[in-house]
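Participant: These protein sequences, in sequence, are chains R and U. The first sequence begins at 151 in our numbering and counts up by one. The second sequence begins at 151 in our numbering and counts up by one.
By construction, these hints were calculated from the structure, which means they are not laboratory data. Keep in mind that a hint or two might mislead.
Copies of the same chain are indistinguishable here, so a pair counts whether it falls within one copy or spans any two.
[What the hints assert, rightly or not] Derived pair list, reagent style SDA-like, types lysine to any residue, alpha-carbon separation capped at 20 Å:
{"hint": "1", "residue 1": "Lys382", "residue 2": "Leu315"}
{"hint": "2", "residue 1": "Lys405", "residue 2": "Pro175"}
{"hint": "3", "residue 1": "Lys382", "residue 2": "Gly392"}
Single-letter residue listing:
Protein chains: 2
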Amino acid sequence: MAGNSRQAGRSVTERALSVLTAFGPDADRLSLTEISHRAEIPLATAHRLVGELENWGALQRDSDGRYAIGLRLWELGLLAPVHTGLRGVAMPYMQQLHEQTGANVQLAVRDGLQAVYVEKLTGRRSTPIISRSGGRLPLHTTGVGKVLLAHASREEVQEYCAHHLSRHTPYTIVEPGRLVREIGGIQRRGFAWTTEEMTLGSCSVAVPVLSEGEVVAALGLVVDSARAEVGKLVRPLSRTAGSIGERLAETNRAKAGVE
Amino acid sequence: MAGNSRQAGRSVTERALSVLTAFGPDADRLSLTEISHRAEIPLATAHRLVGELENWGALQRDSDGRYAIGLRLWELGLLAPVHTGLRGVAMPYMQQLHEQTGANVQLAVRDGLQAVYVEKLTGRRSTPIISRSGGRLPLHTTGVGKVLLAHASREEVQEYCAHHLSRHTPYTIVEPGRLVREIGGIQRRGFAWTTEEMTLGSCSVAVPVLSEGEVVAALGLVVDSARAEVGKLVRPLSRTAGSIGERLAETNRAKAGVE
Chain R
151 MAGNSRQAGR
161 SVTERALSVL
171 TAFGPDADRL
181 SLTEISHRAE
191 IPLATAHRLV
201 GELENWGALQ
211 RDSDGRYAIG
221 LRLWELGLLA
231 PVHTGLRGVA
241 MPYMQQLHEQ
251 TGANVQLAVR
261 DGLQAVYVEK
271 LTGRRSTPII
281 SRSGGRLPLH
291 TTGVGKVLLA
301 HASREEVQEY
311 CAHHLSRHTP
321 YTIVEPGRLV
331 REIGGIQRRG
341 FAWTTEEMTL
351 GSCSVAVPVL
361 SEGEVVAALG
371 LVVDSARAEV
381 GKLVRPLSRT
391 AGSIGERLAE
401 TNRAKAGVE
Chain U
151 MAGNSRQAGR
161 SVTERALSVL
171 TAFGPDADRL
181 SLTEISHRAE
191 IPLATAHRLV
201 GELENWGALQ
211 RDSDGRYAIG
221 LRLWELGLLA
231 PVHTGLRGVA
241 MPYMQQLHEQ
251 TGANVQLAVR
261 DGLQAVYVEK
271 LTGRRSTPII
281 SRSGGRLPLH
291 TTGVGKVLLA
301 HASREEVQEY
311 CAHHLSRHTP
321 YTIVEPGRLV
331 REIGGIQRRG
341 FAWTTEEMTL
351 GSCSVAVPVL
361 SEGEVVAALG
371 LVVDSARAEV
381 GKLVRPLSRT
391 AGSIGERLAE
401 TNRAKAGVE
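Here chain R stands alone, though its shape is the one from the complex (with noise of 0.2 Å):
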């Protein structure tokens, strides 16, 4: 957080960006104390800065009183790489494989020690998920995250390894080790799986997102333990990351030649 114009205390563009960061999956309805409470910042500040904000359209007010993210912020956010390059090239091809599988898809992305998830498709039918778009999930207990995990630089898996493995069920991977020669099972092999690591029921599959050679995503099928073929899936899912991976170099390139 701390930036080179970061003199003495805090400036006021940081201190307007730490009323946004108030906000977060457990706290996306606040009210100006609890704003004011998490964002440090005394009341009447941040009374003017929320409504500055509101003014502008990042934050809106409900009937309650309460504060949200608002429709403008969320417009502008929409505008990401991450969602116009990415995930909409990816969409129609996880569309399909969702209607060919009945599975709930899922596209992340790391950052850092985390898998960002860019989209998931879930029908009514499939099994229920805890991952969202926007959210955020660990590295070692999804198949996702996995794949990600085994394309990061040895420093990193080491680093993750060695201080990141939280338990969330009985059958996660805590063991440093083990999670190491899974890696490397994964690298081989082209793709990765869990089984109950994250959420009991669960299980998942995955494979990397290769474009022009690098890995730029993960995409995984997530289905009850109970019917799992994960054997069945591996093949639709690999000629979908195939698919998407080329038109994104298509994009790419198509890109490159206008500018």
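With chain R held as given, fit chain U onto it using these hints.
Facilitator: Below, chain U without anything else, positioned relative to chain R:
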């Protein structure tokens, strides 16, 4: 844009926000010079503000030195009620409708005199469409737009018909009287359609999504004009909109119960 807090010139928060406002659907990657120009702030100020916004994750820098909306702003935007509430509830139903009809499925809300697209589902075999989630289109040229306009206040309809009937194709309705009559028909029938009024080759049909007696969104299908059988699409569309509305009402009641 002018808030009560606007005194002499713009506040620092407003300047920081003006940097973000420089970005738009037609300008999602900008150089520092372009940002300074579009935000109407000196280059040195732009440089400082962009640095702060980049540190926080609101902006990210490309390999070619241009800026785009960052991952963190994208994540934050997805906390907006329009995404977590409406879009989250509607998606599995939209999914099913897409599988059933093979048509493009769209969900939109009204913001002033424009339709804001909350989500669209496009198959690889569906007719290409120009709407995108987070994008805006006029109200009088699309199916979802006409439905939303038909449920606006009488004053808003009059204002819209008097001043906003832009032409997009030879078939766009630009005569106020004709649009007012059509809106009456939509109110009676409960659904709207368009025939090549926004894009040549495409037609659409749409219905309102009602939750607890209020029109909260419009749900539409876009198909190839040549293969259009609007009559057949109205029934599955209405049924889906009904399910979404009921589920939204249940969700709202559950939330009210929790608090």
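Participant: Go through the copies and call it for Lys405 and Pro175: within, between, both or neither, with a Cα cutoff of 20 Å.
Facilitator: Between. Shortest inter-copy distance 16 Å satisfies the 20 Å Cα cut-off; intra-copy 34 Å does not.
Participant: Could you figure out if Lys382 and Leu315 sit no more than 20 Å apart (CA to CA) within one copy, between two copies, both or neither?
Facilitator: The answer is neither: 29 Å in one copy and 53 Å across copies each exceed 20 Å.
Participant: First find the shortest C-alpha distance between Lys382 and Gly392 inside one copy, then the shortest across copies, and answer within, between, both or neither for a cut-off of 20 Å.
Facilitator: within (17 Å within a copy, 36 Å between copies)
The earlier numbered hint that this structure contradicts is number 1, and it is the only one.
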